[in-house]
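A.B. asks: Chains as they are written, first to last, in the UniProt record's numbering: chain A, 1 to 433; chain B, 1 to 433.
None of these hints come from the bench; they were simulated from the model.
Because the structure is a prediction, the values reported are computed rather than measured.
Incorrect hints may appear among the rest.
Copies of the same chain are indistinguishable here, so a pair counts whether it falls within one copy or spans any two.
Straight-line C-alpha distance at most 25 Å; calculated DSS-like pairs for lysine-lysine [what the hints assert, rightly or not]:
1) 329 to 139
2) 331 to 139
3) 167 to 269
4) 86 to 5
5) 167 to 185
6) 142 to 329
7) 345 to 269
8) 48 to 5
9) 336 to 167
10) 139 to 86
11) 376 to 343
12) 139 to 48
13) 337 to 171
14) 142 to 336
15) 376 to 48
16) 376 to 5
17) 5 to 329
18) 171 to 269
There are 2 protein chains.
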Amino acid sequence: MNTIKIALLGAGTVGSGVVRTLAMNADTITGRSGTHIEITKILVRDAKKHRPEAEGIALTDNFDEILNDTEISVVVEVMGGLTPAKDYMLRAMAAGKHVVTANKDVIAEHLAELYAAAAENNVDFLYEASVGGGIPIIKPLKECLTANSISEIMGVVNGTTNYMLTKMTEKHVSYDAVLRRAQEKGYAEANPSADVDGLDAARKAAILASLAFDTVIGFEDVSVEGISHITEDDIEYGLNLGYVIKLLAVGRNTEEGIDVRVHPVFLPKTHPLASVNGVFNAIFVRGNVLGDAMFYGRGAGSLPTASAVVADIIEIARDIVSGTTGRMKYKIGERKKLCPVEKTKSSYYLRLVVADEPGVLGEIATTFGRAGVSLKSVIQARWTETGDAEIVAVTHVVTHAAASAAVEALEALPVVREVRSLIRVADGQEDLL
Amino acid sequence: MNTIKIALLGAGTVGSGVVRTLAMNADTITGRSGTHIEITKILVRDAKKHRPEAEGIALTDNFDEILNDTEISVVVEVMGGLTPAKDYMLRAMAAGKHVVTANKDVIAEHLAELYAAAAENNVDFLYEASVGGGIPIIKPLKECLTANSISEIMGVVNGTTNYMLTKMTEKHVSYDAVLRRAQEKGYAEANPSADVDGLDAARKAAILASLAFDTVIGFEDVSVEGISHITEDDIEYGLNLGYVIKLLAVGRNTEEGIDVRVHPVFLPKTHPLASVNGVFNAIFVRGNVLGDAMFYGRGAGSLPTASAVVADIIEIARDIVSGTTGRMKYKIGERKKLCPVEKTKSSYYLRLVVADEPGVLGEIATTFGRAGVSLKSVIQARWTETGDAEIVAVTHVVTHAAASAAVEALEALPVVREVRSLIRVADGQEDLL
Numbered sequence: 001m002n003t004i005k006i007a008l009l010g011a012g013t014v015g016s017g018v019v020r021t022l023a024m025n026a027d028t029i030t031g032r033s034g035t036h037i038e039i040t041k042i043l044v045r046d047a048k049k050h051r052p053e054a055e056g057i058a059l060t061d062n063f064d065e066i067l068n069d070t071e072i073s074v075v076v077e078v079m080g081g082l083t084p085a086k087d088y089m090l091r092a093m094a095a096g097k098h099v100v101t102a103n104k105d106v107i108a109e110h111l112a113e114l115y116a117a118a119a120e121n122n123v124d125f126l127y128e129a130s131v132g133g134g135i136p137i138i139k140p141l142k143e144c145l146t147a148n149s150i151s152e153i154m155g156v157v158n159g160t161t162n163y164m165l166t167k168m169t170e171k172h173v174s175y176d177a178v179l180r181r182a183q184e185k186g187y188a189e190a191n192p193s194a195d196v197d198g199l200d201a202a203r204k205a206a207i208l209a210s211l212a213f214d215t216v217i218g219f220e221d222v223s224v225e226g227i228s229h230i231t232e233d234d235i236e237y238g239l240n241l242g243y244v245i246k247l248l249a250v251g252r253n254t255e256e257g258i259d260v261r262v263h264p265v266f267l268p269k270t271h272p273l274a275s276v277n278g279v280f281n282a283i284f285v286r287g288n289v290l291g292d293a294m295f296y297g298r299g300a301g302s303l304p305t306a307s308a309v310v311a312d313i314i315e316i317a318r319d320i321v322s323g324t325t326g327r328m329k330y331k332i333g334e335r336k337k338l339c340p341v342e343k344t345k346s347s348y349y350l351r352l353v354v355a356d357e358p359g360v361l362g363e364i365a366t367t368f369g370r371a372g373v374s375l376k377s378v379i380q381a382r383w384t385e386t387g388d389a390e391i392v393a394v395t396h397v398v399t400h401a402a403a404s405a406a407v408e409a410l411e412a413l414p415v416v417r418e419v420r421s422l423i424r425v426a427d428g429q430e431d432l433l
Numbered sequence: 001m002n003t004i005k006i007a008l009l010g011a012g013t014v015g016s017g018v019v020r021t022l023a024m025n026a027d028t029i030t031g032r033s034g035t036h037i038e039i040t041k042i043l044v045r046d047a048k049k050h051r052p053e054a055e056g057i058a059l060t061d062n063f064d065e066i067l068n069d070t071e072i073s074v075v076v077e078v079m080g081g082l083t084p085a086k087d088y089m090l091r092a093m094a095a096g097k098h099v100v101t102a103n104k105d106v107i108a109e110h111l112a113e114l115y116a117a118a119a120e121n122n123v124d125f126l127y128e129a130s131v132g133g134g135i136p137i138i139k140p141l142k143e144c145l146t147a148n149s150i151s152e153i154m155g156v157v158n159g160t161t162n163y164m165l166t167k168m169t170e171k172h173v174s175y176d177a178v179l180r181r182a183q184e185k186g187y188a189e190a191n192p193s194a195d196v197d198g199l200d201a202a203r204k205a206a207i208l209a210s211l212a213f214d215t216v217i218g219f220e221d222v223s224v225e226g227i228s229h230i231t232e233d234d235i236e237y238g239l240n241l242g243y244v245i246k247l248l249a250v251g252r253n254t255e256e257g258i259d260v261r262v263h264p265v266f267l268p269k270t271h272p273l274a275s276v277n278g279v280f281n282a283i284f285v286r287g288n289v290l291g292d293a294m295f296y297g298r299g300a301g302s303l304p305t306a307s308a309v310v311a312d313i314i315e316i317a318r319d320i321v322s323g324t325t326g327r328m329k330y331k332i333g334e335r336k337k338l339c340p341v342e343k344t345k346s347s348y349y350l351r352l353v354v355a356d357e358p359g360v361l362g363e364i365a366t367t368f369g370r371a372g373v374s375l376k377s378v379i380q381a382r383w384t385e386t387g388d389a390e391i392v393a394v395t396h397v398v399t400h401a402a403a404s405a406a407v408e409a410l411e412a413l414p415v416v417r418e419v420r421s422l423i424r425v426a427d428g429q430e431d432l433l
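Generate coordinates for the entire structure from the input sequences, incorporating the hints supplied.
C.D. replies: The following block contains the structure:
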């Protein structure tokens with residue numbers, strides 16, 4: 001039996017998971033690949049640092065050593081970031097090496113270019129770990145849902161924010177308290193912006209939408225709203241209305257164009273994504289043949305992410321063994337029209353603080369009506385500490401423009417002290433029976 | 001662009017879904033396949049019967065017409081049943097045709113033989129629709145979870161029984177009433193045995209366990225218990241204890257051997273499978289790298305099943321276009337030791353009717369203890385219509401042998417009128433955060 005030699009770029013969380021996985025499941029992986037798989041070089045920043053997990057593997061801080069090693073047939077990029085990761089991948093492909101990556105930044109911005117380079121150089125290029133950690137979602141989209149025209153894809157794709165929202169929901173604690181706890185547990189960074197402002201989720205939204213709708217969607221095409229304005233009061237009101245809050249990556253193929261966004265959403269408790277808790281991720285897909293489907297699992301972490309990376313390595317090994325590398329020439333379709341955020345549609349939850357006067361509920365309902373927004377419900381929820389009244393309204397499906405106009409009109413009313421929250425509510429859930 | 005010609009064996013529910021899918025998504029399917037896909041012949045029992053859904057496609061009642069048609073490169077078996085489906089598939093492969101099937105009966109009993117025939121004849125052989133309808137699970141097991149050693153696979157894989165148990169849970173109706181309703185809605189057959197006795201689920205359990213543990217598991221290796229003894233009272237008690245009931249296909253790789261069974265299980269409400277309701281299916285997998293994952297969607301029906309069948313056809317079309325058919329020579333590993341049902345382990349829920357006498361709870365607890373079964377809880381639940389007391393006990397994890405011995409010892413007690421129910425409870429759920 002032959003041996004396939006591979007190199008890792010990066011020895012961080014994911015890289016060490018890949019080393020560990022190939023060691024711990026060596027026999028089954030060899031059986032499934034039809035060949036031995038051996039990591040012969042790892043690119044690191046400091047080749048002199050002792051790395052017990054990479055015992056017996058040559059470390060180098062010089063990418064050319066890997067590039068020029070003709071024995072290495074697969075380069076596994078797990079260093080992250082745009083630069084120099086993208087450049088290294090392109091150079092590896094140009095040198096005839098197959099590439100596996102876990103890099104959401106590069107895939108969210110340069111998938112079309114990487115596909116073209118893979119096709120041109122006749123090499124395999126796989127990136128399952130770039131979205132959803134260990135959850136198989138890229139291959140299902142590329143190979144299992146191919147009979148479908150996909151109308152919607154929605155995902156809980158950021159474990160940090162999902163952990164935070166889950167804790168806020170279960171323990172009724174504030175955003176600030178739960179952020180501190182997430183930072184203590186190592187789930188959130190000291191500067192948590194990439195997670196809590198939805199930027200990480202937006203990159204994954206771009207990747208999912210590109211594949212689901214076969215079009216180039218970049219990070220900058222995603223309309224993004226984070227979770228830092230979510231309060232425990234909104235979560236509590238939502239629960240009473242039958243909703244659970246999630247930060248969702250949403251992609252829709254609408255008549256107004258492709259609509260891709262990241263923002264908090266109130267989901268009905270019965271929605272499959274509503275019970276995706278803690279650091280788990282899930283991606284929900286609606287196809288015109290399959291109907292609704294969901295893929296659930298661990299969206300981050302050393303081993304879960306390595307599960308996806310190593311599966312990609314095994315796929316390439318199988319292709320090498322059967323002499324069928326480069327068989328699929330994937331490409332992403334041309335750019336399609338994007339749906340501007342004002343034209344996107346949703347139900348909305350609003351929380352207002354108003355003067356506690358007779359007739360105020362009627363005045364508010366009338367103002368919604370004049371803005372073209374019809375209401376599912378409007379209730380006076382409670383009195384505030386200052387003796388004002390708090391009102392919670394849920395609208396029918398309206399455009400974002402109409403919802404924004406309603407907010408503006410409400411804010412102009414003398415009785416309205418403040419529009420505290422405007423949160424989308426998942427509409428149009430299919431009957432689950 | 002070339003055209004790939006395919007034949008369907010069968011024009012029933014799944015067959016007509018395949019015809020419809022290829023028509024309704026023709027352009028995207030052509031784009032993804034790199035070739036046109038055309039159904040040129042359909043094998044039916046009565047070629048004279050009018051079939052508006054197959055307008056323009058030649059019908060035949062003679063399989064040889066398909067076998068000898070050298071233009072047909074893919075045979076899609078959607079007739080179901082063991083005979084003659086298996087024979088037709090083998091003959092199609094021998095004639096150099098690629099085969100797609102949705103046939104759980106054949107796959108559950110003859111997967112190894114079909115793999116061998118595909119390898120020998122250098123053809124593609126795919127069967128995604130045989131488990132979980134439209135849910136991608138076969139390809140994920142074969143290609144996405146390959147870095148893992150799988151310890152457990154559990155699935156809600158029968159829509160009829162899941163519909164029934166969901167309705168019993170939501171509406172507090174009896175088994176008989178819900179069976180009638182399922183029959184009226186066409187979810188259950190006039191003779192419902194294949195569904196309610198767990199036989200359909202057992203075939204899917206055999207397939208899932210074969211792939212998860214890489215060993216030959218046949219239908220006859222699966223220990224099976226259906227749902228006809230489940231009462232609304234048990235469901236109600238379960239809910240109060242925090243459990244939801246599901247008919248599960250379970251496969252485990254244990255120290256005592258491979259353990260494959262189908263039976264009702266009380267799942268904690270927080271388990272991902274617990275919220276899989278109605279006709280939806282889901283398969284939960286635990287791997288030693290990935291951790292827990294779940295695949296959810298529509299497990300039956302014309303279009304959902306066609307989604308999987310057509311994805312398989314597209315995969316073969318891609319292989320034909322790139323000249324890489326027959327590239328994977330799959331085989332199933334040798335038979336492994338099976339875990340006898342007595343040695344399987346679980347927590348158990350028991351419901352007993354006992355004489356309403358002082359000290360009876362103690363006597364029962366002592367009897368459990370003597371049988372080597374320790375209890376998590378034992379409560380007197382209520383009085384029966386005859387003035388006896390009803391007791392509900394939940395055990396810690398014990399062998400099935402110990403649980404059975406406890407039942408026998410309990411039944412021998414003079415105070416015990418009847419052991420009404422013995423239902424497994426899912427133990428060992430991983431911390432979901």
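A.B. asks: My question is about residue 376 and residue 5: at a cut-off of 25 Å on alpha-carbon distance, are they close within one copy, between copies, both, or neither?
C.D. replies: neither (61 Å within a copy, 52 Å between copies)
A.B. asks: Indicate which option fits the pair residue 48, residue 5 if close means a Cα-Cα distance not exceeding 25 Å: within, between, both or neither.
C.D. replies: Within one copy, since 22 Å is at most 25 Å while 60 Å is not.
A.B. asks: Using 25 Å as the alpha-carbon threshold, which applies to residue 86 and residue 5: within, between, both, or neither?
C.D. replies: within (21 Å within a copy, 41 Å between copies)
A.B. asks: Is it within, between, both or neither when you check residue 329 against residue 139 at 25 Å Cα-Cα?
C.D. replies: both (14 Å within a copy, 20 Å between copies)
A.B. asks: Between residue 171 and residue 269, at a C-alpha cutoff of 25 Å, which is it: within one copy, between copies, both, or neither?
C.D. replies: both (17 Å within a copy, 18 Å between copies)
A.B. asks: With identical chains treated as interchangeable, where does the CA-CA distance between residue 376 and residue 48 reach 25 Å or less: within a copy, between copies, both, or neither?
C.D. replies: Result: close neither inside a copy nor across copies, 64 Å intra and 54 Å inter.
A.B. asks: Tell me, please, which holds for residue 142 and residue 336 at an alpha-carbon limit of 25 Å: within, between, both or neither?
C.D. replies: Answer is within: at 19 Å inside a copy they meet the 25 Å cutoff, but 34 Å across does not.
A.B. asks: Given a CA cutoff of 25 Å, do residue 5 and residue 329 count as a within-copy pair, a between-copy pair, both, or neither?
C.D. replies: Intra 24 Å, inter 22 Å, cutoff 25 Å: intra and inter.
A.B. asks: Should residue 337 paired with residue 171 be assigned to within, between, both, or neither, using CA atoms and 25 Å as the limit?
C.D. replies: neither (43 Å within a copy, 47 Å between copies)
A.B. asks: Tell me, please, which holds for residue 331 and residue 139 at an alpha-carbon limit of 25 Å: within, between, both or neither?
C.D. replies: both (14 Å within a copy, 22 Å between copies)
A.B. asks: For residue 167 and residue 185, with the copy left unspecified, which applies at a CA distance of at most 25 Å: within, between, both, or neither?
C.D. replies: within (13 Å within a copy, 41 Å between copies)
A.B. asks: Within, between, both or neither: how does the pair residue 345, residue 269 come out at a Cα-Cα threshold of 25 Å?
C.D. replies: For residue 345 and residue 269, only the intra-copy Cα distance (21 Å) is at most 25 Å; the inter-copy one is 33 Å.
In terms of the numbered hints stated before, the structure departs from hints 9, 12, 13, 15 and 16, listed from lowest to highest.
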